[in-house]
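Q: Chain by chain, the residues:
Number of protein chains: 2
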Amino acid sequence: MSANSLDPAVAARLKRDPDGLVPAIAQQYDTGEVLMLGWMDDEALHRTLTTGRATYWSRSRQEYWVKGDTSGHVQHVKSVALDCDADTVLVKVDQVGAACHTGDRTCFDAGELRLDAS
Amino acid sequence: MSANSLDPAVAARLKRDPDGLVPAIAQQYDTGEVLMLGWMDDEALHRTLTTGRATYWSRSRQEYWVKGDTSGHVQHVKSVALDCDADTVLVKVDQVGAACHTGDRTCFDAGELRLDAS
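Listed in order, the protein sequences are those of chains A and B.
UniProt numbering applies: residue 1 is where the first sequence begins, and numbers increase by one.
UniProt numbering applies: residue 1 is where the second sequence begins, and numbers increase by one.
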């Protein structure tokens with residue numbers, strides 16, 4: 001095991017999907033806004049914990065994706081937590097600019113659905 | 001198509017995983033706490049939109065799961081949004097009691113990982 005890999009105690013707990021990934025929720029640490037959901041494998045989680053920059057696995061491009069490397073819309077990591085089942089990550093960040101590639105602050109801003117409780 | 005199924009315009013946008021599911025982030029609507037992550041298929045999303053109660057698909061039990069039916073820890077739905085890729089749902093709820101089966105308020109309360117940016 002490489003010295004650069006994820007803490008073995010964390011790796012032993014992590015429950016990955018068949019592609020080796022877990023969903024990672026990015027939340028603005030102070031306002032509580034849910035910014036986006038990305039995906040992480042062990043290495044992306046390791047890099048997120050050790051570089052201070054939220055790093056995901058891009059399922060569409062099949063490569064690591066340091067949020068903001070292209071757009072400048074960096075996520076500075078404030079804290080990282082696993083959930084009770086160790087199959088989801090919550091990353092609290094300080095988001096520079098827009099989290100969404102559309103330019104919206106969050107990826108959920110334009111997507112509200114109609115409630116129809118009758 | 002049944003009159004009880006998900007709005008076809010929403011169903012046409014939704015991008016599901018190979019099991020027909022999308023991750024659903026539950027957030028306390030007023031405090032912004034991220035409570036848990038569950039999974040929804042079309043029917044669970046439909047029920048969430050139309051019943052006012054957050055409803056998930058339990059991957060472990062392979063059945064619909066109306067949050068709080070067993071525990072009493074109901075999630076009253078305030079709003080529902082899709083993200084920009086239509087592959088994630090954000091459900092803002094009013095959570096009664098603890099969201100986590102461990103008794104913690106959120107499923108992330110006990111799982112903080114150590115940051116090691118050097």
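Just to be clear, a hint being listed does not mean it is correct.
Claimed, not checked - Taking lysine to aspartate or glutamate and the DMTMM-like style, the derived pairs with C-alpha atoms no more than 20 Å apart in a straight line are:
no., chain 1, residue 1, chain 2, residue 2
1, A, Lys-78, B, Glu-112
2, A, Lys-78, B, Asp-116
3, A, Lys-15, B, Asp-19
FYI, nobody ran anything at the bench for these hints, they're computed from the structure.
Q: Each hint should be assessed against the structure and marked as holding or not.
A: Verification of the hints:
1. A:Lys-78 x B:Glu-112: holds, 11 Å
2. A:Lys-78 x B:Asp-116: Distance of about 11 Å is within 20 Å: holds.
3. A:Lys-15 x B:Asp-19: holds, 17 Å
When held up to the earlier numbered hints, the structure conflicts with none and fits them all.
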